[in-house]
Amino acid sequence: MFRFRDKSTANKILEKIKDLNIKAKFMNVCGTHQDTIVRYSLDTLLEPYGIELVAGPGCPICVTTSREYMEAMVLAARGKIITTYGDAARVRIRGRSLLTLRGDGADIRIVYSIDDAVEIAKMNPNRDVVFLAVGFETTAPSTAYTILSDPPRNFYILNCHRRIPPAIEALLSLGEVKIDGFIDPGHVSTIIGLEPYERIVSRFPIPHVISGFEPLDVLVSVYMLARQVKRGEAKVENEYSRAVRREGNPRALKLIEEVFEYTDLEWRGLSRVENSGMRLKRKYEDRDARLVFQDELKLLEEYSEPKGCRCSEVLRGLAKPRECPLFSITCTPLNPIGPCMVSVEGACYIEYKHRRV
Amino acid sequence: MCLAVPGLLIEVNGIIGKVDFGDGTIRKVNLALLEKAKPGDYVLVHAGYAIQVVPEEYVRETIELWRKVISLEDFAK
Ligand code: SF4
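Chains A and B are the protein sequences, given in the same order. The opening residue of the first sequence carries number 1 in this note's numbering; numbering runs sequentially from there. The opening residue of the second sequence carries number 1 in this note's numbering; numbering runs sequentially from there.
Hints were generated in silico from the structure; no laboratory data involved. There's no promise every hint is true.
Stated by the list, open to error - Straight-line alpha carbon distances no greater than 27 Å define the calculated DSS-like cross-link-like pairs of lysine-lysine that follow:
1. 281/A / 307/A
2. 18/B / 122/A
3. 7/A / 68/B
Let's have the full structure, built from the sequences with the hints guiding it.
Right, here's the structure in full:
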């Protein structure tokens, strides 16, 4: 059903982009887009036509701060069962990750879904089970739903959910990189719809196109962005209409609204971003690992970001993975120094996987 | 993480569905985030939860959009 990879169509779109004859830099904020772009070398194909593609803060595992991973490690060391998605367990801080803590007897469980974490809590009624909840608006609804469906008493959330639109605004306010348009994240958009981007455009008038993930989706989206640039327009267009509705997913949005309230939050690479975090509301604070275990979390040690790692710049579109002197020399997926080399959505990992040589 | 995979919903049992991802993988998926979904629908699945229904005719729409993009000359003006 999704056979969207036809080469002759791709060539025709490239021709159209070439005909527009513009020079522009477009940013994506989704690791899956970055994967499509690098896997099919779309960036290299587009370069001769004046289009530069850069990755931004689109990898949830990468933008989660060291402090948040450290919190999970402290709770693990204090005997709690930590449940999380695979990549989050492999992020290293000062040489240690949740996974390496297993060697010291920590109980770390990799789950596919938050439902699995709830199951683990049910099966271990005498243990505290903490779910390290990493992810953008795509993931937050399942956390909200779980909180509302009365999980066992020993189930807690270490909440690291983040909202993408405030990060886009923060990048634009910083103005370090001149961005001529955004390839907006398809799956985040299935939840949030078009409106949040329209609000951004009213403050920062540049083109936005919500894009699907097949190579042709991305090429068509780039063409739509380029066309807006050519015409001097700034609006939100939806290339991924097969999955993204104008209103998003109302049910999921309602769940988020019921359970979370917005709060300022630190991002790796972006420091504090206004209203970009989702804090559990007061009435659900008995599920908030940060509150319930606050005394234990006081044990949080000093930490430092990995020396020489340029993740922070990679996440702001200021540096490309190859510009990091550690890339593929000391930093590899087997021995990742920064989170951008850990996550399958990290720009460094993607670069390494598809074109190390 | 934000990766979502499309699959065919083959069974619905309350909020739990079975989704066939086409490569021999069949998984239990939570349908609680959807208004409605029925066997035969294509759904996008992220971290164990279906986040959207993708109707077959919408897929055709996408292909239509691409066709327009590559055929209409005035697009470039
Ligand atoms: S290559 Fe490794 S050290 Fe360099 S920025 Fe990427 S993750 Fe950090």
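Ascending list of hint numbers which this structure does not respect:
Hint 1 alone not satisfied by this model.
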